[in-house]
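*Asks:* Now for the letters of each chain:
Protein chains: 2
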Amino acid sequence: MRQTELFSKTFKENPKDEKSPNAQLLIRAGFIDKLSSGIYSFLPLGLRVLKNIEKIVREEMDKIGAQEILMPALHPKENWEISKRWGIEEMFKIKDEELGLGWTHEEIIAPLMKKHILSYKDLPKYVYQIQTKFRNEPRAKSGILRGREFIMKDLYSFHDSEDDLIQFYEKIKKAYSNVWERCGIKEKTYLTLASGGSFSRHSHEFQTVTPSGEDTIYICRSCGVAINKEINEGICPNCGKENLKEEKAIEVGNIFKLGARYSEPFNLRDEKGNPVLMGCYGLGISRLMGAIVEISNDEKGIIWPVSVAPFSIHLILLEDGIKKKADEIYAILQKSGFEVLYDDRIDKTAGEKFNDCDLMGIPLRMVVSKKTGEDTIEIRGRKDKKIRLVKIKELIKNVEGFFQ
Amino acid sequence: MRQTELFSKTFKENPKDEKSPNAQLLIRAGFIDKLSSGIYSFLPLGLRVLKNIEKIVREEMDKIGAQEILMPALHPKENWEISKRWGIEEMFKIKDEELGLGWTHEEIIAPLMKKHILSYKDLPKYVYQIQTKFRNEPRAKSGILRGREFIMKDLYSFHDSEDDLIQFYEKIKKAYSNVWERCGIKEKTYLTLASGGSFSRHSHEFQTVTPSGEDTIYICRSCGVAINKEINEGICPNCGKENLKEEKAIEVGNIFKLGARYSEPFNLRDEKGNPVLMGCYGLGISRLMGAIVEISNDEKGIIWPVSVAPFSIHLILLEDGIKKKADEIYAILQKSGFEVLYDDRIDKTAGEKFNDCDLMGIPLRMVVSKKTGEDTIEIRGRKDKKIRLVKIKELIKNVEGFFQ
Numbered sequence: 000m001r002q003t004e005l006f007s008k009t010f011k012e013n014p015k016d017e018k019s020p021n022a023q024l025l026i027r028a029g030f031i032d033k034l035s036s037g038i039y040s041f042l043p044l045g046l047r048v049l050k051n052i053e054k055i056v057r058e059e060m061d062k063i064g065a066q067e068i069l070m071p072a073l074h075p076k077e078n079w080e081i082s083k084r085w086g087i088e089e090m091f092k093i094k095d096e097e098l099g100l101g102w103t104h105e106e107i108i109a110p111l112m113k114k115h116i117l118s119y120k121d122l123p124k125y126v127y128q129i130q131t132k133f134r135n136e137p138r139a140k141s142g143i144l145r146g147r148e149f150i151m152k153d154l155y156s157f158h159d160s161e162d163d164l165i166q167f168y169e170k171i172k173k174a175y176s177n178v179w180e181r182c183g184i185k186e187k188t189y190l191t192l193a194s195g196g197s198f199s200r201h202s203h204e205f206q207t208v209t210p211s212g213e214d215t216i217y218i219c220r221s222c223g224v225a226i227n228k229e230i231n232e233g234i235c236p237n238c239g240k241e242n243l244k245e246e247k248a249i250e251v252g253n254i255f256k257l258g259a260r261y262s263e264p265f266n267l268r269d270e271k272g273n274p275v276l277m278g279c280y281g282l283g284i285s286r287l288m289g290a291i292v293e294i295s296n297d298e299k300g301i302i303w304p305v306s307v308a309p310f311s312i313h314l315i316l317l318e319d320g321i322k323k324k325a326d327e328i329y330a331i332l333q334k335s336g337f338e339v340l341y342d343d344r345i346d347k348t349a350g351e352k353f354n355d356c357d358l359m360g361i362p363l364r365m366v367v368s369k370k371t372g373e374d375t376i377e378i379r380g381r382k383d384k385k386i387r388l389v390k391i392k393e394l395i396k397n398v399e400g401f402f403q
Numbered sequence: 000m001r002q003t004e005l006f007s008k009t010f011k012e013n014p015k016d017e018k019s020p021n022a023q024l025l026i027r028a029g030f031i032d033k034l035s036s037g038i039y040s041f042l043p044l045g046l047r048v049l050k051n052i053e054k055i056v057r058e059e060m061d062k063i064g065a066q067e068i069l070m071p072a073l074h075p076k077e078n079w080e081i082s083k084r085w086g087i088e089e090m091f092k093i094k095d096e097e098l099g100l101g102w103t104h105e106e107i108i109a110p111l112m113k114k115h116i117l118s119y120k121d122l123p124k125y126v127y128q129i130q131t132k133f134r135n136e137p138r139a140k141s142g143i144l145r146g147r148e149f150i151m152k153d154l155y156s157f158h159d160s161e162d163d164l165i166q167f168y169e170k171i172k173k174a175y176s177n178v179w180e181r182c183g184i185k186e187k188t189y190l191t192l193a194s195g196g197s198f199s200r201h202s203h204e205f206q207t208v209t210p211s212g213e214d215t216i217y218i219c220r221s222c223g224v225a226i227n228k229e230i231n232e233g234i235c236p237n238c239g240k241e242n243l244k245e246e247k248a249i250e251v252g253n254i255f256k257l258g259a260r261y262s263e264p265f266n267l268r269d270e271k272g273n274p275v276l277m278g279c280y281g282l283g284i285s286r287l288m289g290a291i292v293e294i295s296n297d298e299k300g301i302i303w304p305v306s307v308a309p310f311s312i313h314l315i316l317l318e319d320g321i322k323k324k325a326d327e328i329y330a331i332l333q334k335s336g337f338e339v340l341y342d343d344r345i346d347k348t349a350g351e352k353f354n355d356c357d358l359m360g361i362p363l364r365m366v367v368s369k370k371t372g373e374d375t376i377e378i379r380g381r382k383d384k385k386i387r388l389v390k391i392k393e394l395i396k397n398v399e400g401f402f403q
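Residue numbers (numbering that gives the first Met the number 0), protein chains in the order written: chain A, 0 to 403; chain B, 0 to 403.
Heads up, a few of these hints could be off.
[Unchecked claim] Partner residues are not named here, just some residues of chain B that face chain A (Cβ under 7 angstroms, in silico):
hint, residue
1, ASP32
2, LEU46
3, PRO71
4, LEU73
[As the list claims (entries may be wrong)] Below are the DSS-like pairs computed for lysine-lysine, each with C-alpha atoms no more than 27 angstroms apart in a straight line:
hint, chain 1, residue 1, chain 2, residue 2
5, A, LYS83, B, LYS94
6, B, LYS114, B, LYS124
7, B, LYS54, B, LYS120
8, A, LYS33, B, LYS83
It should be emphasised that the hints constitute simulated quantities derived from the structure, not laboratory data. Heads up, the beta-carbon is just placed ideally off N, CA and C, and yes, glycines get one too.
Required output: the full structure, derived from the provided sequences and hints.
*Replies:* Shown next as structure tokens:
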């Protein structure tokens, strides 16, 4: 894409009403726009990142046999009265109080699946959606880490036995771990024990360590498992050691064995009358985007992992008079299948272009200038300090090497 | 996909609370599920259709240079007070009346673009989203043709002159026409004159003729243009003839020259102080899915156009004892890149399988049975009356021929 066509601009100053690094960087780089506290628009570059993350999550969910659906955001009061959760403050309610906006979907999926699960033979089933959720947060102040409107993947599983539920629960742990790895946050993301509910002693969260996280966790230096503050008693429930380290973190995912908590009130049973056992598995898509920015940036801007970057290559036409050469390279890169943002602006200085490039954080920078001459181009990884000069006839080979 | 894995079931009876063909067929075939009046979930097969439609619309919008973004559904009151539209009844309001749910996005896009359009040099720009919208419909009764929650593509264009706006307006007309053609509804879809507003005498709707449409239009038998009831005076404003035919229709798209209606109150101006001229262009994604079903069905079920069908091929294992052969064919088809729904159920009769197949409306049916022998398979297009026997070694050639 040519940058002269891209409508979003970058901003030199941090927005005054944002304290969290993810919001500051994403707004300045033109990836998101703030409409109101905890409510953001995703601009073209931001939406590209979001879709890359969605694709990764979708692939990992499909791989374990889950089926994608799309449920509504508008929820009738009746459903939430059955589960006795209509009173929970997190729900935005429509003026006449007959409808609320979904912040989770147990109350919708349980009666839905009741129409399609008629027998133990129909089990197990795994169903997920990627959908916009709403939560009445009185003080949303962490950018897209905690929104009043946000995008989430929620998966629900349905089983005829506890063993089967446990088996799937372990599969999901692995799938989530794959997502963190593919999105470049695995090293900072900890499997965290949290309170469980009546069916299970613990649930599990996935917490990514970052100073602006709103949760507090205790990481066990001995076994590497973390414990959420709410259940911490100074000792690791996993290995029994007392070697804990306090950190701020953001919950990028959580998994929970629901048991019969929702199948009982919604009467979701097999033909023998046994309640279907359920699990629920959340993963914040927009929050994950924010978490990546939180842990992957420097004083100049964002550093996107290749897997989720809005473009792979940022091609910069440094000065007037060599546009033809830059156009040619743009064409060559596109022909080889690379996604390229081409800074073809002629009304910006070299300094402004370099600053924008570092701020946006695209993995590979490529500069076409008079200095490098006719048959050479300058390339630099966003994370690297050193610039390399590459012959244009060896460009594709070099670029392929970079992305391997 | 194996049908034994698909969680959604089909239903023999029409749902009692649905009168419109789209809702009856889509619910019976397991494509959608009704949560409440005008509020539906999209199940795996329905979501696949929806995504195919989205892809077509996205491609046509990208082709004319539009950039995709994603705006929020939660809208602050302030924005709607600026345009003096907070009082409109269509908006669902959150209990405390400080937020409403977006049924359109002029109030959001105008202030957003104000941050990025600083000069006439930044014009024109075309921005769109595919997003969930909400509308307080007191009597939603037409299935997914008119929902309280629905998915819409809305595009907004920004211009420095009326000429430029008019030019883009004509481009959009063509892009919409491409969408109708690719989705198989072009023959029944009419460019329809509707009331214009202060900037332009007429706006344009695209109306698809179907008996369960909620709009009334008058089609000019002379020039083929249609007129919306609200502006009909018994004479065609396009050609001046009085040869009109009344039809029921559903509005699948509308395009409107807004002029300065929103740029004035939101102060969206170029550096000389001239208001930026705007156009808005809506296209109902979920409604389009409903419209396709309305005009493309028979007494047995839905007939999907190839372009939007959830799968291309419905492979049916008719009876036990030939599963190995059917499995092989399933593998061959997948290897050749076809999307196949494979009815591998063994607890259903041949009649039940044929009924489900016709109800679901996948374009090409393929039956593996003992009767056809080891090296032959039976194929039939959903629209065709005749069955053909095809040698398995010539299968791919035949299937490719069918889809050409």
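*Asks:* If a hint holds in the structure, say so; if it does not, say that too.
*Replies:* Structure-based check of all given hints:
no. : hint                    : in the structure
1   : ASP32                   : holds (5 angstroms)
2   : LEU46                   : holds (5 angstroms)
3   : PRO71                   : holds (5 angstroms)
4   : LEU73                   : holds (5 angstroms)
5   : LYS83(A) <-> LYS94(B)   : holds (20 angstroms)
6   : LYS114(B) <-> LYS124(B) : holds (13 angstroms)
7   : LYS54(B) <-> LYS120(B)  : violated (31 angstroms)
8   : LYS33(A) <-> LYS83(B)   : holds (22 angstroms)
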